[in-house]
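Asks: Residue numbers (the working numbering), protein chains in the order written: chain A, 1 to 114; chain B, 1001 to 1114.
Be aware that one or more of the hints could be misleading.
List of simulated lysine to aspartate or glutamate pairs, EDC-like, C-alpha gap at most 20 Å [what the hints assert, rightly or not]:
#1 K1101/B with E11/A
#2 K1101/B with E14/A
#3 K78/A with D63/A
#4 K1106/B with D63/A
#5 K1071/B with D1055/B
If you're looking for bench data, these hints aren't it; they were derived computationally from the structure.
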Amino acid sequence: DAGVIQSPRHEVTEMGQEVTLRCKPISGHDYLFWYRQTMMRGLELLIYFNNNVPIDDSGMPEDRFSAKMPNASFSTLKIQPSEPRDSAVYFCASSRQGSTDTQYFGPGTRLTVL
Amino acid sequence: GESVGLHLPTLSVQEGDNSIINCAYSNSASDYFIWYKQESGKGPQFIIDIRSNMDKRQGQRVTVLLNKTVKHLSLQIAATQPGDSAVYFCAEKSRGGSNYKLTFGKGTLLTVNP
């Protein structure tokens, strides 16, 4: 099993630019989670999907952030326009059933907004 | 101005010693707890979990203890090895409904000295 795949692994962009982060969950997993990790706030859940449907997006910081899951094997997290305070490591995770099933994390995307 | 980062609790042990990492949680409604290990540059990796109807659970070289009275969770690592050096996070899930959110603690940095 390839595990959760994220791309790119590193992204450096300038303030105001659009950033798109990508995630491929583990095949057969029905739940997909997007997290953000910073030194100040630790690991925070942004949004999660069940069967491609967004269930809870209360962790999304503001309207500049959006996430989609067009099919069971692909999800995107978009930031438009990006700001320096968005600099963080963004993780995607997936799980089979969600509730008490193990969440498997991808390697993360380190985003730097200049 | 520059943001002040979190100062992670740090535990430094000698190779071969046992390690105990502690975590306090605040939500008495939490019914499921997980320990994750995060190595530098990687995503969190599941170690062991425990449900609230249990006090203790053992895995390979790891034991998790849950004290619901004082809302305390601990991870014990036996015969700590250099490969155990990482940041360890506890995470909790609140009971009820369709809430599959995990809330992560701030983490503890474990350093194993050879």
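Asks: Would you list, in rising numerical order, the hints stated earlier that this structure does not obey?
Replies: 1, 2, 4
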